Every structure is written in structure tokens, then in C-alpha cells.
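Please build the complete structure, drawing on both the sequences and the hints.
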Amino acid sequence: MTWREKDRWQRLFSTGAALSILLFSTGCERRQSALHPASVNAERIADLFWWMVGGGLIIWAVVMAIAFFATRAHPEAHGVRSARWLILGGGVAFPVVVLTGLLIYGLMLMPQLSSTADIDLEIDVAGEQWWWRVTYQTAAGEPVELANEIRLPVGQRALFRLTSPDVIHSFWIPPLGGKVDMIPGRTNTLVLEPTQTGTFRGACAEYCGSSHALMKFEVMVMEPDAFADWLNRQAQPAQPPQSESARQGQTAFLANGCGACHTVRGTEANGTLGPDLTHVGSRLSLGAGILPVDPEAFTRWIGHTGAIKPDVKMPSFGMLPEDQLPAMAQYLSELQ
Amino acid sequence: MPFQSAKAYARQAAVLTGQGLRWLVAGSWKRVFAILALASILVAAGGFFLASVGLVSISASSGHSPVTAWFLHYTMRNAVRLQSSGKVPPLNDPALIAKGAGHYETGCLACHGAPGRDQSLIVRQMTPEPPYLPPRISEWKPEELFWIVKNGIKFSAMPAWPALKREDEIWAMVAFLQQLPDMTAARYKELAHGDRDATTDEPVTPDHLRALADPLGPVLANCTRCHGEDGNGRGLGAFPKLAGQSEAYLLASLQSYASGDRHSGIMQPVAAGLDQPVLAALASHYASLPAGGETAEPAPSNESIRRGAELASSGVPERNVPSCIHCHGPKKSPRNDRYPAIEGQYSAYLKQQLELFSSEKRGGTAYAHIMHIAAHRLTPEQIQDLANYYASLSSATPPESQR
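Chains as they are written, first to last, in full-length UniProt numbering: chain A, 1 to 336; chain B, 1 to 403.
These aren't lab readings, by the way, just hints derived from the structure by calculation.
Restricting the straight-line Cα-Cα distance to at most 35 Å, the calculated cross-link-like pairs of lysine-lysine (DSBU-like) are: (1) B:K332 / A:K313; (2) A:K313 / B:K351; (3) B:K87 / B:K189.
This structure is a prediction, so every number in the text was calculated from the model and none was measured.
This is how it looks when you write it as C-alpha cells:
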């Protein structure tokens with residue numbers, strides 16, 4: 001073996017290793033993987049995907065076998081008749097049959113996937129640069145608005161009405177389904193029926209501006225009872241601040257005019273430009289899926305908004321007196 | 001070299017000259033070009049030699065030679081004529097004229113004089129000597145004056161405007177300049193000194209000099225020219241009401257003028273010349289005065305005020321314009337005292353500030369970036385309605401200091 005050949009083998013090996021790491025790492029994060037379906041529709045699509053992968057592998061093996069047979073096992077000239085049969089059979093008849101079958105299967109799947117019958121729950125989601133405005137329509141009356149978080153009862157069919165007030169976004173929760181565009185001036189619908197509880201992660205799947213990559217959200221599928229409790233709590237007005245620090249935080253929050261863009265139900269803060277913060281302390285993430293929810297993260301976010309999320313509409317409030325940021329962070333974390 | 005008589009030298013020189021002339025006349029265009037090039041190099045080298053040994057006349061006392069003076073003016077006039085252009089806004093607004101007058105007294109008077117006021121004797125020793133302006137204004141078109149005030153003139157002592165973004169202020173200056181030719185001394189005093197002119201007609205007594213013992217006296221007298229003795233801006237809408245504004249906001253604004261973070265060719269030079277304790281004393285003084293005062297502004301329609309009230313409380317969510325009241329009131333809970341109180345402020349002043357914010361030309365304190373976002377998407381009609389609404393409210397007491 002010459003050095004050149006050895007070099008080639010080494011290169012092949014390292015490329016293969018890198019590829020397999022890439023391939024397997026996609027499976028590591030189950031909560032954002034379409035290969036680990038957790039809803040009825042996602043399971044159907046995953047089934048179709050695995051059938052196609054399996055069928056494709058078989059076809060690939062057969063083609064390779066024929067190639068090996070024709071070039072290595074029997075390298076001599078082959079008969080025109082048998083070659084013609086192979087071309088017509090393998091190149092025309094076989095793809096027509098297989099693709100027609102797949103088409104019929106896919107067409108049959110579509111009405112099930114897009115059906116909006118038997119809905120248990122309706123949720124409006126607006127993709128905005130760069131966060132998600134989520135509104136639950138409740139049977140009781142007032143819609144409940146929250147942000148960057150979707151919770152669903154397991155085994156129930158939820159209808160999403162997807163819109164956008166600014167540019168095109170795309171709503172995608174890989175384990176549950178989606179990749180449905182949110183187009184300004186249009187309402188697209190999507191039905192999801194989760195089959196298992198757990199926490200999943202969604203993302204915007206259509207480039208929508210400088211912070212597109214920072215437009216995520218958390219999805220939690222819960223038992224129906226726990227979900228009902230949660231939604232009930234989200235519908236309540238904010239609880240008054242408990243600690244002294246949080247009280248100072250609330251005063252600062254209102255005095256600095258945060259209420260011009262944010263709503264905290266039960267206070268004078270009634271702005272609708274930014275996310276509703278009534279229960280922001282109970283959320284699973286901050287800043288649309290990019291920071292944890294704790295006082296430290298709130299302090300960072302309020303003081304360096306534009307540095308954490310470029311071109312975000314919220315102005316950074318790093319110029320506030322030093323003691324105000326931690327107090328406001330405490331207040332917001334206590335909004336359970 | 002053997003001795004030759006002078007006659008022989010002269011003969012030799014005449015021969016050489018004759019040869020040179022014959023050579024030139026018989027020469028081609030290339031030779032003429034070479035000679036011209038050689039001559040200009042010699043002239044340049046000669047000039048450089050004079051500058052090197054220090055023989056060039058640079059004294060202001062000697063003035064320019066008539067040729068130099070003519071050439072410099074010729075160049076300047078042609079450049080200004082060519083480079084000035086653009087639309088001239090209406091210039092007969094009394095608010096604009098008063099604003100220009102206030103700054104003329106600060107920045108222009110010493111060099112250019114004014115009706116009833118001579119140029120400084122020191123300034124008159126400059127070369128070129130700055131012209132006494134009143135009879136000279138009519139030589140220029142308004143857009144030419146705008147260009148000169150904005151850009152200044154090289155090789156003269158005419159400076160550029162300190163805040164180039166503030167073209168509105170430069171037009172105010174031009175508006176005042178337009179009035180200069182027919183202006184009486186009394187009118188100038190009234191414009192540039194505001195309500196102080198009533199007292200200046202009284203006989204001067206040694207008692208008046210006692211004010212000099214008060215270190216803030218002369219500073220405050222200067223502020224008063226535009227903002228009025230009561231700090232309520234003289235009712236014109238050109239100058240904001242300072243009376244009753246929060247001390248923290250006044251101080252932060254003065255500091256941002258002084259540092260250049262808030263842009264104004266009028267206020268920056270004033271604030272930059274004052275020490276921190278003086279700025280703090282001024283902020284405290286104006287915060288303690290009662291807000292109020294008459295306004296000469298025309299009353300807006302109730303419809304406009306109603307639209308403004310609606311905008312102030314709800315903003316325009318679909319255009320990403322937040323409400324105003326959460327920061328500026330009126331509301332019950334305390335406000336950050338770094339946010340100005342704008343209730344009862346002049347409509348014209350509010351309108352102008354919103355326009356400056358929306359075009360990002362205003363600058364301001366560390367909080368100014370919030371307003372850039374807020375005002376960016378307001379339409380001109382919305383700006384007018386908001387200004388009318390806040391002007392229609394009565395001046396509130398300053399917000400409680402919360403810290």
C-alpha cells in the first residue's frame with residue numbers, strides 16, 4: 001500500500017466517522033426530533049418515512065447487486081433482449097408502480113392529516129419578529145394570552161390557527177408536526193393530537209430576519225387534568241408581589257413604562273406590543289426559548305436585550321439604576 | 001576665467017538672449033510646453049523658498065492685498081452659490097425668528113454686530129474682518145445663508161454649526177437673519193433678551209453690580225433670555241417650559257447637551273461651557289419654579305385633541321407604536337423621574353421633538369433610544385395630534401422621585 005493510498009483510506013475513514021456522528025447526534029435531542037414522533041400525525045408521517053427509507057435501501061441493494069453482476073460476476077457482453085427487459089422493467093414499469101403506490105398512499109394520508117373535525121381545543125399562534133404570541137380560546141369566556149410556550153393535553157386534538165403580523169414565519173414542533181407557514185394576511189390551520197406526555201421544542205422554520213435562529217418555543221404535553229389546572233391558573237390575573245424586593249420591582253416595572261408594551265393582568269400594565277407577562281415566572285423559557293427562567297436571566301435580558309437578541313424591538317434597559325434590574329427580575333420571576 | 005570687460009559681458013549676454021529668442025520662436029509646441037513647465041516649477045520653488053525662510057506676510061494687522069481679498073471673496077461667493085440648494089421652509093414664523101435671535105446673541109453678535117450693537121473691537125482686528133451683518137444680509141439668498149451658517153467658511157473665522165444634524169435650528173438662524181436688515185435696536189433687544197428688556201430701560205445703579213457677586217447670576221441671566229424669567233418659555237412654543245420639570249431630567253438633559261449626546265447647535269455651546277455644580281444648580285432652580293404661563297399658540301381642534309388622547313393611551317399596536325402614558329402620564333402610579341413631564345408643554349415644541357426623535361436626530365439622555373423606537377412609526381398627523389393633546393393638559397407636578 002503506497003502512502004497515497006493510505007492517505008485516501010484515512011480520509012475515507014474520518015469522513016465516515018464525521019458523517020455518522022452528525023447522523024446520530026440528530027437523534028440525541030429527542031425533544032426536537034421528527035424521528036421520535038409524539039403525535040398521531042407525526043407517527044403516520046414517521047411510518048411513511050421509515051417505509052420509504054427501508055424500500056429505498058432494498059432498491060439500492062438490488063441496483064448494486066445488478067451492477068456487480070453485470071460488471072464483475074459476468075463482465076462479458078450481455079444479450080440485447082435481456083438488457084431491454086431490464087431497462088423497460090426496472091427503469092419504466094417498476095418506478096411507475098412504486099411511485100403510483102406511494103402517491104395513492106400519500107393522497108390517502110392527506111385528508112387525515114389536514115382534517116379539522118372533532119377539535120377539543122383551539123389555539124391562535126402568531127409568529128412575530130422574533131417570538132410567538134399564543135392565545136388559548138377557552139370555553140369559559142375570555143381568551144388567555146401567553147407567549148413562547150404551548151401546553152397541550154395528551155390524547156386531545158388541538159387546532160392551531162397560524163398567522164403573522166409582520167413577515168413569513170413557519171411553525172414547527174418536530175416531534176409533533178408542523179412546518180406550516182405563517183403568512184401575513186392569511187390564517188393557516190394545523191391539527192395536532194399528542195400521543196405522549198413530555199417536553200418538546202419548537203422553532204421557526206422560515207428565515208424571518210436577523211434573530212430568526214433565536215425564535216424558539218417550548219411545548220409541554222400534559223395529562224388533561226394537569227392541563228386544565230394550568231390553563232385555569234394562566235387565566236387568573238397576576239398575583240401581587242410577595243417579597244419586598246418584588247414590590248420594589250413592580251414599582252420600577254410600572255414607573256419605567258414597561259406596561260406600554262407588556263400586559264400584566266391585574267395591574268395598569270396593558271400594552272400589547274410585546275409578550276403578555278402575567279405569568280411569565282411560570283414559563284419554561286425566556287426570550288422565546290433562549291434563556292432559562294430565573295432572576296439572573298431576567299436581569300441579563302432586561303439589561304442587554306439587544307445584545308442577546310439582535311434587532312429585537314424591546315429597547316435595552318441597562319441604563320436603569322443598578323438596584324432596579326434585580327428587583328424587576330425578582331418581581332417577574334414571582335409572577336407564577 | 002580670464003578677465004573680461006563689462007562691455008564684453010554685455011555683448012555676450014545680448015548674443016545669448018538673441019539665441020534663446022530665436023530658439024523659442026523656431027521651437028515646436030513641445031518646447032513651449034517644456035518652458036512653461038520649467039517656469040511654473042521655478043515659481044513654485046520660489047514660493048516655497050519664501051515660505052521656508054519665513055518671508056510670507058501672515059500678519060492680520062497688514063490685511064490682505066486687494067488681489068488676494070478679491071480672489072478669496074470671488075472663490076467663496078461662487079462656491080456658496082453653486083453648493084447651496086434645497087427647499088426653503090417658511091421663514092416668517094415668530095417662534096423661528098425668536099430662536100434664531102437667542103442664538104445670534106450667544107454665537108454671532110461679537111463678530112457680526114446687531115442693530116444697536118457694535119462688533120467687538122477685538123474681532124475687528126481679524127483678517128478677513130467679519131462684516132457687520134445687517135446691511136449685508138440682502139446680498140445672499142436664504143439657501144445661501146443656510147449653507148454658510150451650516151458649513152462655515154474655511155480661511156475665515158466663520159465656524160460650522162455645532163450640531164450638523166439640526167438643520168431645523170439652522171433655518172431658525174436664517175429666519176432671524178432675514179429680519180436683520182429692517183430691524184430696530186429696540187426690536188433686537190426684545191427678540192434676543194426676551195422679557196429682560198423691560199428692566200434694561202431703568203436707570204442703572206451700582207446696586208445692579210451686586211448680581212455679579214452671585215456666581216449663578218450671569219448664567220441664569222443668559223438662560224432667561226430665551227426661557228423666560230419664570231422658566232415658562234415666553235409663550236412662543238420655540239423654547240420649552242422648564243419650570244416644574246423634574247430635577248433629574250433637567251440635569252441629565254443639561255449633561256447630555258454638554259457632552260454632545262443631545263444634539264443642538266444652540267444648547268450644546270451653552271451647556272458645554274458650564275461646570276457640573278452650575279448645571280446641577282440650574283436643574284434645581286428650574287425644577288423648583290411653578291409650571292404654568294400663557295401660550296400664544298393657536299387652539300387646536302377638539303377632534304385632534306381627542307385623537308391624541310386615544311393615541312397616548314393605546315399607541316398604535318399594529319404599527320409597533322407603544323402608548324405614551326405609561327412613561328409620560330397622565331397616570332396614577334409614580335413615573336421614572338428621568339422621563340420628562342410633557343403635560344402642558346408647548347404643542348410646537350413637542351411636535352418638533354417627536355419629529356427629531358422619529359428621524360433619529362435628537363439624541364438625548366441614556367433613555368433616548370426608547371423614544372427612537374417609540375416615535376419611529378408615527379405619521380405627521382399622529383405627531384400633531386399627540387402634541388396637541390399633551391399641550392392641552394395642565395402642567396402636572398413633577399413625578400415623585402423613585403429610586
